[in-house]
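*Asks:* So you can see what is in the structure, the chains are spelled out below.
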Amino acid sequence: MSLDKIWVFAEDAGDKVSTGTLELVTKARSLGGVVEAFYAGTNASAVAAELGNFGVSKLYTVDAGGSLLGVPVASAMAGQIEGGNKPDAIMFATSYDGRDVLGRLSVKLDRSVLTNNIDISVDGGQVKVDEAIFGGATLVTSTFTGDAPHLVSFRPKSFTAEAGGSTTAEVIAASVSEAGQAKIVARHVEEREGPVLDEAALVVSGGRGLGDADKYSMIEDLAKLLNGAPGASRAIVDAGWVPYSYQVGQTGKVVKPDIYIAAGISGATQHMVGMKGSKTIIAINKDAEAPIFSIADLGIVGDVHKVLPQLIDAIKGR
Amino acid sequence: MGRGSCSDLVLWRICGHDYAMNVVVCVKQIPDPAIPGQLDPQTNFLKREGKLILDDSDAYGVEMALQLVDAAGGGEVTLVSMAPNNEASGLRTALAMGAAKAVLVSDPALAGADALTTAKVLAGAIDRVKPDLVLTATEATDGYTGTLPEQIAGLLNFPSITFAKKIEISGTTVKVDRQTEAGYDEVEAPMPAVVSVTAGVVEPRYPSFKGIMAAKSKPVDELTAADLGITPGTGQQIVSVIAAEARQAGEIIEDDGEGYLKIIEFLEQQKVL
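Protein sequence lines, in the order shown, are assigned to chains Z and C. Heads up: the first sequence begins at 1 in the working numbering, then just goes up one per residue. Heads up: the second sequence begins at 319 in the working numbering, then just goes up one per residue.
Keep in mind that the hints are not guaranteed to be accurate.
[What the hints assert, rightly or not] Computed from the model, here is a short list of chain C residues facing chain Z with C-beta under 10 Å:
no.	residue
1	Gln356
2	Asp358
3	Ala429
4	Ala437
5	Ser478
6	Lys493
7	Val505
8	Tyr524
9	Gly553
10	Ser558
11	Ala567
12	Asp573
13	Leu579
14	Phe584
It is worth saying that the hints were derived from the structure and are not from the lab. For glycine and all other residues, C-beta sits at the position ideal for the given N, C-alpha and C.
Please take these sequences and the hints and turn them into a complete structure.
*Replies:* Right under this line is the structure:
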């Protein structure tokens, strides 16, 4: 049995929707039924065309009035549901705004949430989601005991985005009954060169083994030379060496690059769950017993302070 | 709550009154994350036996709250926590850092509670404290559902600002630098509000010996779900638990001074170089 209707929270990434949004609508489409999206950005007509190509039939636009998205988008969704427009499931990306809307909506609808999933299926009309826990070593499948709509969020890169549809989504302005009180007064874009962390084909991450915050520049240098993105273990984010946005792991970003280079990272389960889906893994660590070596395609048991500068010099010299 | 001018209407409470900035910090006591986690084969709930410790993620909220109270020149930090048993060792750590008191909702019926039920319990306890500000982590280290701050705010009907890198109080407004994918946003909301704090943005203080001694006698009020009028429940169920496909280790070599050449070779094979 398939589902009749699925909603997806569509998020902006600059002038288009996020890759995560396209991943979700692709998966939603495969579950049968109608796929509709909610969007609170300023490019509704372009997004309606883009999502139409991914099989989305309606795009509900939400005017957030300059506030954070949690309250207005949840209010718009709840308003539609109260009016009798009821989806079987609502899918969110595990992102800053996705989590906000999901949390607010769960209270408005008094529904449980299942988050951080990597897959969804429908079995006898029942929605089931899979979550990888314990560093990805264990797969847990869960279902809801209450009524639809079921509220679910997914890790980035859980699905592959593929177009499939040739219409433009119909744009409908959804009314917002509760305005958000948390107002955005200024936005700051931090210039960073190269690809973004969760979309990069190559990621170089550093951990506590670097020994000192200053040494993180080696990670940035190597990432730049290889046209990759720099990442970090939780330990050095907690220590304040790099911002939270650099963190790869269970609490942080999930990355699935072609090549992941872990330098001075021992491989706590917290970290492994965020990167073990990488196609290939290179690990450099001085402790031969470090768990990271159990999943590395190439492991160098050595001192990052020696290996990284040698590697950087060798690549520069090419 | 900085010392403002008495002509500033929003600061009327400071002038002529002893202004107290009261902050609740939601904290969780978790099994030591260094020890591999296990699910109870009977219930599929995460095993929470043995000693529980303060979730590292929460130490940033506690530190931030202590600094905000300090800057306001008065008030106190109250911890609010939930546990299926009356374990309080993790709370003592935060009390030793300087929190004044704790409210622990402890009830065996709350074992396996989902995030929404947890939020109802914490919101119920917070409502009794009537704080100016509620701080949380962005997610707990053990369960990491990641929706709790927004759910608590929704239940209390407070505004919320998530993923704070920096918090400032100005009159009755909380001003936050909020992490975004592209950088950060400056966001403002009227208080009382819920703010979730990202890890690493402040350096949590180490409890002093005096702090540790004082923490032993600080009040920890215990409540049950029934005291808050909440019927424990969960809207979800685990239907299967299986081992994921294991990844195999590849070639592991000892660096002899030329280990980097192996990496170069590997990157060449992958056509990165």
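*Asks:* State for each hint whether it applies.
*Replies:* How the hints compare with the structure:
1. Proximity of Gln356(C) to chain Z holds as hinted, the smallest CB-CB distance being about 8 Å (cut-off 10 Å).
2. Proximity of Asp358(C) to chain Z is violated relative to the hint, the smallest CB-CB distance being about 13 Å (cut-off 10 Å).
3. Checking Ala429(C) against chain Z: minimum C-beta separation of about 16 Å lies over 10 Å; hint violated.
4. Taking 10 Å as the C-beta cut-off, the interface hint given for Ala437(C) holds, the closest approach to chain Z being about 7 Å.
5. Interface hint at Ser478(C): satisfied, since its Cβ lies 6 Å from the closest Cβ of chain Z, which is below the 10 Å cut-off.
6. Proximity of Lys493(C) to chain Z holds as hinted, the smallest CB-CB distance being about 8 Å (cut-off 10 Å).
7. Nearest Cβ of chain Z to the Cβ of Val505(C): about 5 Å, under the 10 Å cut. The hint holds.
8. Here the hint on Tyr524(C) is broken, as its CB sits about 14 Å from the closest CB of chain Z, past 10 Å.
9. Annotation: Gly553(C) was flagged as interfacial toward chain Z, and the flag holds, the nearest CB pair being 3 Å apart, inside 10 Å.
10. Hint on Ser558(C) holds. Least Cβ distance to chain Z is approximately 4 Å, under the 10 Å limit.
11. Checking Ala567(C) against chain Z by beta carbon gives a least distance of about 5 Å; that is within 10 Å, so the hint holds.
12. With 10 Å as the threshold, the beta carbon of Asp573(C) comes within range of chain Z, its nearest partner Cβ sitting at about 3 Å, so the hint holds.
13. A cut of 10 Å between beta carbons decides the hint on Leu579(C): the least distance to chain Z is about 7 Å, and the hint holds.
14. For Phe584(C), the interface hint holds, since its Cβ comes within 10 Å of a Cβ in chain Z; the closest pair sits about 5 Å apart.
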